[in-house]
Amino acid sequence: MGKGRTNNLATVIKGTGHASSVTDQAKHFEISHDRRSILEAPAVVAVPLLFAISGIAIRYAAFASVTAEPGFESYARALCRWDCHWYVDISERGYESFPIPNQSNVGRWGFFPLYPMLVAGIRTVFPFPTILVATITSIACSYAACLIAWPLLEKNMRAYVLYCAFLLSGPFSFHFTTFLTEPLFVLLTSCVFLALKRTNYLVAGILSALLSATRLVGVLVVFATAIQMFQQHRAQDGTTLSFPLWLLGRPDLLVAILISPAGLFAYILFLYLTVGDGFAFLHVQRAFGRVAGNPLLFLWDGLSAVPTTGWLPTAPQWSALAALTGLALSVVLAVRGQYGAGLFCAVCIILPLITNLASMVRYVVGLAPLIVLTAILLSASKLTWLAALVLFLSACYFMTVAWIGGYLALV
Amino acid sequence: MPWSDTLAPYRRAGSFGGYMVAAVLAVSEIVILALALHPDVNADYRAYYIDRTTTCLNRDALGSYTVGQRVSFRSDGAKLAAGMIVCGWSGPVADGTHSLGETSRLRLEIPPLRDGLTATLQMAAVIRPPQMSQRVLISVNGIPIHKVTLSGKEPTTVSFVIPHAAFANAKALDMAFDYLDGIPPSAAASNIYKRSIKLVSFRLDAA
Chain F
23 MGKGRTNNLA TVIKGTGHAS SVTDQAKHFE ISHDRRSILE APAVVAVPLL
73 FAISGIAIRY AAFASVTAEP GFESYARALC RWDCHWYVDI SERGYESFPI
123 PNQSNVGRWG FFPLYPMLVA GIRTVFPFPT ILVATITSIA CSYAACLIAW
173 PLLEKNMRAY VLYCAFLLSG PFSFHFTTFL TEPLFVLLTS CVFLALKRTN
223 YLVAGILSAL LSATRLVGVL VVFATAIQMF QQHRAQDGTT LSFPLWLLGR
273 PDLLVAILIS PAGLFAYILF LYLTVGDGFA FLHVQRAFGR VAGNPLLFLW
323 DGLSAVPTTG WLPTAPQWSA LAALTGLALS VVLAVRGQYG AGLFCAVCII
373 LPLITNLASM VRYVVGLAPL IVLTAILLSA SKLTWLAALV LFLSACYFMT
423 VAWIGGYLAL V
Chain Z
31 MPWSDTLAPY RRAGSFGGYM VAAVLAVSEI VILALALHPD VNADYRAYYI
81 DRTTTCLNRD ALGSYTVGQR VSFRSDGAKL AAGMIVCGWS GPVADGTHSL
131 GETSRLRLEI PPLRDGLTAT LQMAAVIRPP QMSQRVLISV NGIPIHKVTL
181 SGKEPTTVSF VIPHAAFANA KALDMAFDYL DGIPPSAAAS NIYKRSIKLV
231 SFRLDAA
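If you're matching them up, the sequences are chains F and Z in order.
Basically our numbering = 1-based index in the first sequence + 22.
Basically our numbering = 1-based index in the second sequence + 30.
Please note: incorrect hints may appear among the correct ones.
[To be verified] Just a few of them, taken from the derived set where beta-carbon distance is under 10 Å, the chain Z residues facing chain F:
(1) TYR49
(2) ALA56
(3) ARG76
Keep in mind the hints are simulated off the structure, nothing from the lab.
C-beta: ideal position from N, C-alpha, C; glycine also.
Here chain Z stands alone, though its shape is the one from the complex (with noise of 0.2 Å):
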């Protein structure tokens, strides 16, 4: 028998061995892909990092704060500042706390309260020409309370009222700032890096 013949059934599960092998992969590779198409995150991480719906990601930042009390954004207030940043601020440095992105969030804990609060937050307008202005929305816990158009470089004190609905059965006080006008540092530059104020400080009265 020619030795061609001997080896014959041998290269046949050779053969075999190398089909399973390369079966094998592709199927792990198929499995792995699809896993990956259908990611298992929260709703912060898809809307950042997948549907980039927001420039904020959510994070389980909640600030102490007593009502009545004044909070500075600038240096001298960072330790009680920076436990009620959530996402979207850069800082605090010496003139306040900079906003990075098209949305910034607060969040701090409130006591059980019977009425509205009164807002009162120092702002200045982030301005290069040809914007000269900045438009803000600020909503607390996901309701649109304030509208406000700063401008200017010096700070402009916005006060407005906060209904008691709009936080009545939260333990905590969410409140987002969407910039309209926010200025990207370059053309191509991520809306991620958007500038458009700078806050300085932050207080809660009751109404």
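Chain F on its own, in the form it takes in the complex (with noise of 0.2 Å):
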């Protein structure tokens, strides 16, 4: 917005201006935003570089206190937890047909395809373990996705700062550096909203189908891209009984919408073609003991799980509570007029709390609308600001302890 604003006004003053003073200050608004961008680029480069590295400190001395194997492949494996385990399975062997090998009930089929495909791809150029390819391409996407977020966040630096140390190094950041889905899926949701951001509907809603290929929620994007196609024909004095008509006339925005879902129906078909079963990711679940309930009930039940010793709160009311933030913080971005965001991250987190609480605090900090939200509203003062970096950096330690361990409510 910074950069918008700045151009904007450049041309009100140039369009206006007959003094040849006027002309002189816009000039100098021209020189001294140049400038200014020039100085910012290599900060916006290096800033996640530095969370990267001290991250993997961070982590490294974590995982250190807890084992006394050292080297960088033990701590790739040490961080290596929970459906960590399923997409290196994924990765190195694919998915399994029915009936699977060793009588076992529970097939790979939920644990979605692009990410291991991606991971399986870049060892075949590097032939090293898994792990540690993947844990590498997560650092690699992680990184990416910070600079994707720099026009999301208005390019305001000191938001750029926490959001990168919260993916980088802060206290979930073992997500985001490990085996799991949430490096590419914040990724690519970043790249789709800064693709709407920019009413650039066909790559948008290509890279909304390689995000329906990482998890299933994210097939759920095609809402936000939807909402801002509406939005755009409002803005151009469209009616709501129009939108329809006006969509057909567009066969870019039809694609756009179209193809958005295309990595889950290739998924659905590969499934079909491998188990017999397009949903098997879906039957599957079964077999996890997932049942489908009121998600009031659950996170009533998981508030109300008090801890019996102790003041901490138990895992089940870390989830609750992560789900409710995640569902309030919904709410704020739709207040803020990003609907399409706020909808997105509520469905994103409504859905899976349909059949439980599990996972739910990786699901809730692996929306990147939410951490971009977040990191805003954190540095709307230099004091908050400074707290929230300091908090992000030594939780990291902690909490990676907390996963080492298999703590429950970060799963």
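Build the complex: two chains, separate frames, hints provided.
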């Protein structure tokens, strides 16, 4: 916004001013803006790099404090917890057909293919252990997600620093730097919203297709695209009733919408051909013991799971609080006019909440629009910004220890 | 001729191409959805994953067994017991093999026999107040054979006759245990986690 605003201001001054002093002022604006951009560019590249390095150092220190085995590979393996093992398996062995070998009920079908495929592809070029390749790829994805966030954060350097710190050196940075889908999900979500911000719907559609092959909820970003299109239509004095006709008259927009779920449909087709059931990714949830229920009841059950000793919230309480915070931030997004992002985040939280609170913390912290919003809100004052930065960096150590120890709320 | 008129045919072609791509995408997605709504799976898959009519996913397990042999379902008999376990069991551990879900199954190869068999099982109920007993319905090759109510934590010896008709034309003896009083670990937990009994030992003798 900063750049746009400066440019607009310069245009206005150029357009209306006849006096030479006004023209000089405009030139001064442009020159100072260019200088600022030149100075900012290295910082934009360097900030996430510094946090990537500090994050590795902090998490390694946490790893070293709980294990005697040294080395980066041991560190990468120690951080590979819970779903990470499934992704390693998929990356190395692909998906199984039915019956599942070793008389298991639990197929890998519930885990979406794009990220393990990407890691498998990179591993063919760099033949190192999967977890090493995945860890480096995840760090690279999170780094790229930071760069993409720069324009989404309206080029607000304070918010940018906080965003990068959260992703790469923050309390949940292990989610974004091990073999989970979160790094790619955050990167692709940021790319989709950047494309939408630039009203480049076709690019947003193609990226949405990739997002829908990364995680099931990725397909929901199509709603954000449709809302953005509707907002554009309204801004052009279109009525609500004329929107469907306007959309049908724009083949580029139709392609953008229809291509968005292509990743999910490709996976459904793959499962149909290998397992015989296109919805195997949903049906296999039974073997994981997931049962559909009332999200409000799950939230209540989580909140009322009070600790028997001490004052620290229990794992279900953390999960319920994460869901509520995520939903509240989604509302804030909507209030700020980001209806598409707000709806996307809210549905991404509510959909898994239908089964239970499992992995809720990870799901919430992996929603890029919420991280962007939080970074902007916390950087509103220098004091909150500094406090948040210190908190992120120090919590990184303790949360990594908890993650390695298998703390249930972080699953 | 204005530029706009020169470009008009290309614009029309681009627009037509866009509609074609949209149509191909829409049709592909409808076809894939239709395929997904009509899964091509076997009855076992459908019963467990789709219809959810069983908690025990049938598998092609077939244990070797000699009539008169006692098979321990504690840790000490893990190797022999493992071959017989089809589904709905967890373990074996020190106090036996625990049932998991609403049904458990064992399957073993049997030689051709002229008469029926006597089954002798040692089982213990899983108890959590107020549930103080466990009703178990035992079937062989789909035919209900015996119903027992287990109570108390100590293993109970249960003996019953399996009529020859139940396995006369079969190469395998498929024994199913249906639990009527399974205990879920929590109110919201899936029924695949229900606990009912611990199987300690298994033996078949000629009747």
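Checked hints:
1. At about 5 Å, the closest approach between the beta carbon of TYR49/Z and any beta carbon in chain F falls short of 10 Å, and the interface hint on this residue holds.
2. Because the closest C-beta pair between ALA56/Z and chain F is about 6 Å apart, less than 10 Å, the hint holds.
3. Evaluation of the ARG76/Z hint against chain F yields a held restraint, the C-beta minimum of about 9 Å falling below 10 Å.
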